[in-house]
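A.B. asks: Below, each chain spelled out in residue letters.
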Amino acid sequence: MKKEIIKSRLTGDNCIHVKHSSGLDIYIREMSGFSNVRALFGTKYGSVNTMFRTTGDTEYTTVPEGIAHFLEHKLFENEECGVFELYAKTGAMCNAFTSFDKTCYLFSCSKNYTENLKILLDFVQNPYFTPENVEKEQGIIGQEIQMTNDNPEWRVFFNMLNSMYHNHPVKIDIAGTAESIAEIDADLLYKCYNTFYNLNNMVLAIAGNISADEVLAICDEHLKPCEDNGLETVFPDEPDSVVRHEIRETQPIGIPIFHLGYKCTPVTDSKEKVKKYVSASITAGIVCSESNEMYSNLLNNGIINSSFSCEVFSGEGYMAFIFSGESSRPDDIRTAVINEFARILKDGVCEKVFRRMKKSAYGALIRQLNNVTAVAGMMMNNTLNGFGVYDIIDTFSEITSEDVYNFIKSDLTEDKLVLSVIEKAGD
Amino acid sequence: MNYKREVIGDNIGFSTIIDSKFNTCSLYVRFITELSNETSAVNSVACELCTMSNSKYRSIEELSDAAAELYGGYISDFSGRRGDVQILGFSSQWICNRFALEGEDITEEMLDIVHGCILSPDIDTKNGGFRQNNLKIAQNNIISAIESRLNDKRVYAVNRAYEIAFRGEPAENDANGTIEEVRNVTAESAFKAYMNLLETAQIEIFYVAPEENVTVAEMFRKSFAEINRNPREYKICSKSPLKNPPENVTEEFDVNQSKLLITLKSNSDDYFASDMFNIILGGTPVSKLFTNLREKMSLCYYCSSNFYAEKNTITIESGVDRANIEKAYNEILHQIDEIRNGNITEEEIQSALLMIDNDCSGIGDTPAQYFSWYFSRFCFGDSITPQEYLQKISEVTKDRIIRIAESFRLDSSYCMLNKESAE
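Listed in order, the protein sequences are those of chains A and B.
First residue of the first sequence: 1, per my numbering; consecutive thereafter.
First residue of the second sequence: 1001, per my numbering; consecutive thereafter.
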């Protein structure tokens, strides 16, 4: 196996990449002086992957909503004991998460990292599903769903996605519903596991107080070689238009919240994808800075508070540019945002502001590269998203104000705008 | 790592933590003052106002631009409750000079900004207070923070449990006060409150950086020497009186999931045994509560306990169906009894120790962790290192855990019930 050194042109930071003979992509960042180790073992499998087939399948398989998340819960139980019990013997903190397009298992520790890594590799590669343990998990996940249904931040986001996307499964709740998880059984879990937990579809990212040679020796010993199964995931056709421009719901909350999102056109080419992502991120920085006139007016008039923010949300077949925060006047925010982008298109992107945003973003990246957890997360996220580890960092230095202008012009148009509001019950 | 604390003024500590692996400089300033209805709101508003402008950068826009030019350096304010006191202050961070792309002295310029915000605030000469337009923004931010507590039902329920458990004590107050109190703050009263903080609060400052910079401590020493300090002593930790009989409060909300919170109180001084008891009871995913209520009984997604050392209390929280509230309540009490009856395995003790060892050994990987550790120790009145802490907790025996479990008695419970299920 060849060790490839990947380096950031901008900061000089580097990490090791190995395409392991088992099929797994391994990313290692040794960080001297740090005590902690953070490892993530992830698969490119999230809530959006509801339709797929592999080599030899003539038909596509469609699975119930929430099954990727259900699988994540169930992998924490092996035949002999629970995974938490194994980590209790080393002292490590372990966890897992499922997002729209990935599922990751992780540990953080400051001692015994080799033992912890062995546990991680072993439990993720050894599923154990029975009718009894599947039924037990339905109760636990049912409570998790209830909890998220009471979370207005979650509701306002998914209401927006449901109003934005006609068909793309990004609009479905990651954990599914009480009805959809009731359809899940052990056979279905094995089917999904064998499809998506193929090492050719997975990544190991590990950073901190480690030795690359030790990590690779453990990988040699514990990874089970996989044949590439020719995994093919498909998504239904998604029109450019939005489903509706506005959605409102009432909940027993203290202050109304909103999400105001533009449905953007996703790109597939990885270089264009990263360029668009970075252009969008700088746009967000420009319009959400305290010296921006729109921001300043909204703040001075009490329409927004310090919770106002803007983020870029993207994955396979979806991309959105989203403002969010607390406000009892979200309609005024929508008007201000529309006017602000019209102003930028008329006047152009201010070079001084653009340069300042790039400096600010550079500072944030330098801070990120000094944090074990952030570095491991960056290696995992960027590679599973189809970027190089340092592509986002390096692209920041290359983006021009013209790229930002073009992004605003092509993607932030009023016909793609959705306003989602959770209003206070009784108002 | 090199840690040292020096006294730079009357009741003002300055701690320097030097660790060469960092590529940032971080500064934390904390004021310790009374937690009361009269002062919490105005103190919070005042500290927020200090981060909006200063005597050199006289508007939010100017200050924000100056910090953004320094590669996104920042200063933010803080207001929180810790035991019976209010902790307020500022946190600031910037990247080291060696990363400057245009040769700027980032540290010097950021220190100038931070020093200006804290010790040379922006005063409106007309009223002798903070700027009126900034006041409205700060009030709006803090009122929103108070109102938004109900948005997160878990946070709201924990706050309600604390209000009930600590009724009649300073700890029952919110660090931001009430909405009405925030509305009553004026530009003048906020400035007066801030001056009072500079004069009377206990102050702790922490500088975490890759290399020594003596000018930072000197800068603060010199500035505070010009203030007529009259610091007061504040007691952070105090034992909360036990309610007898226990008080049970129930409220109905239009929610999907009910929440159950149980507060226990102890009169014991065995802090290390309390910590161990809490971890074994509900501090990890192999704890008695997680294993039994979630994994075995499938009642909930979360069930955990938290040791609030400043008040010698343990609060247990879980989200369950209304129909299962009683079952969950009884099982929580049963698991506490299990520990009181000595049903603790050597494995449970060892896994708690391993978890603490893992946590202690990892302190120092971020500037915030260093600050958090040493400031917490200051609040508890000692300066033990993470290694010394580990040593002390390793000495806790099974008998001490049993005794401490017996000392923790039921004080109160809070239930947020799902309205629909009641019908």
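Worth flagging that the hints you see were computed from the coordinates, not collected in a lab.
Glycine included, every Cβ here is placed at the ideal spot set by N, Cα and C.
Do not rely on the hints blindly, as some may be mistaken.
Stated by the list, open to error - Quick list of in silico lysine-lysine cross-link-like pairs, DSS-like style, CA-CA up to 27 Å:
#1 7/A <-> 1296/B
#2 1419/B <-> 89/A
#3 1239/B <-> 111/A
#4 416/A <-> 273/A
#5 111/A <-> 1419/B
#6 136/A <-> 1296/B
#7 358/A <-> 1021/B
As the list claims (entries may be wrong) - Cβ pair distances, simulated, as ranges:
#8 250/A <-> 1398/B: 51 to 61 Å
#9 1010/B <-> 9/A: 47 to 57 Å
#10 398/A <-> 1100/B: 18 to 28 Å
#11 1384/B <-> 200/A: 32 to 42 Å
#12 1100/B <-> 62/A: 31 to 41 Å
#13 114/A <-> 1021/B: 21 to 31 Å
#14 33/A <-> 1384/B: 21 to 31 Å
#15 1021/B <-> 350/A: 19 to 29 Å
To be verified - Incomplete in silico selection of chain A near chain B, CB under 8 Å:
#16 36
#17 218
#18 306
#19 372
A.B. asks: Using the beta carbons of residue 1021/B and residue 350/A, state whether their distance is inside 19 to 29 Å or not.
C.D. replies: Violated: the Cβ-Cβ distance is about 37 Å, outside 19 to 29 Å.
A.B. asks: May I ask you to test the hint 31 to 41 Å on the CB atoms belonging to residue 1100/B and residue 62/A?
C.D. replies: Violated, at about 54 Å.
A.B. asks: Have a go at the residue 218/A hint: is there a Cβ in chain B nearer than 8 Å to its own Cβ?
C.D. replies: Result: violated, 19 Å to nearest chain B Cβ.
A.B. asks: Measure nothing beyond the straight line between the CA atoms of residue 1239/B and residue 111/A; if it is 27 Å or shorter, mark the hint as holding.
C.D. replies: 35 Å, violated
A.B. asks: Given the hint of 21 to 31 Å, is the C-beta distance from residue 33/A to residue 1384/B inside that range or not?
C.D. replies: Hint holds: Cβ distance 23 Å, inside 21 to 31 Å.
A.B. asks: Please check whether residue 114/A and residue 1021/B have a Cβ separation lying inside 21 to 31 Å.
C.D. replies: Check passed, 22 Å falls within 21 to 31 Å.
A.B. asks: Check the hint pairing residue 7/A with residue 1296/B against an upper bound of 27 Å on the C-alpha distance.
C.D. replies: With a Cα-Cα distance of about 48 Å, the restraint between residue 7/A and residue 1296/B is violated, given a limit of 27 Å.
A.B. asks: How does the Cβ-Cβ distance of residue 250/A and residue 1398/B compare with 51 to 61 Å: does it lie in that range?
C.D. replies: For residue 1398/B against residue 250/A, whose Cβ atoms are near 52 Å apart, the range 51 to 61 Å holds.
A.B. asks: Does residue 306/A pass the interface hint, meaning its C-beta sits closer than 8 Å to a C-beta of chain B?
C.D. replies: Since chain B brings a Cβ to about 5 Å from residue 306/A, closer than 8 Å, the hint holds.
A.B. asks: Against chain B, is residue 372/A within 8 Å by beta-carbon distance?
C.D. replies: 6 Å, holds
A.B. asks: Given the proposed pairing of residue 111/A with residue 1419/B, does the C-alpha separation stay at or below 27 Å?
C.D. replies: This hinted pair is violated, its Cα atoms lying about 47 Å apart.
A.B. asks: Could you see if the CB distance from residue 1384/B to residue 200/A stays within 32 to 42 Å?
C.D. replies: Roughly 50 Å apart at Cβ, these two residues miss the hinted range, so it is violated.
Against the hints set out earlier in the document, violations occur for numbers 1, 2, 3, 5, 11, 12, 15, 17.
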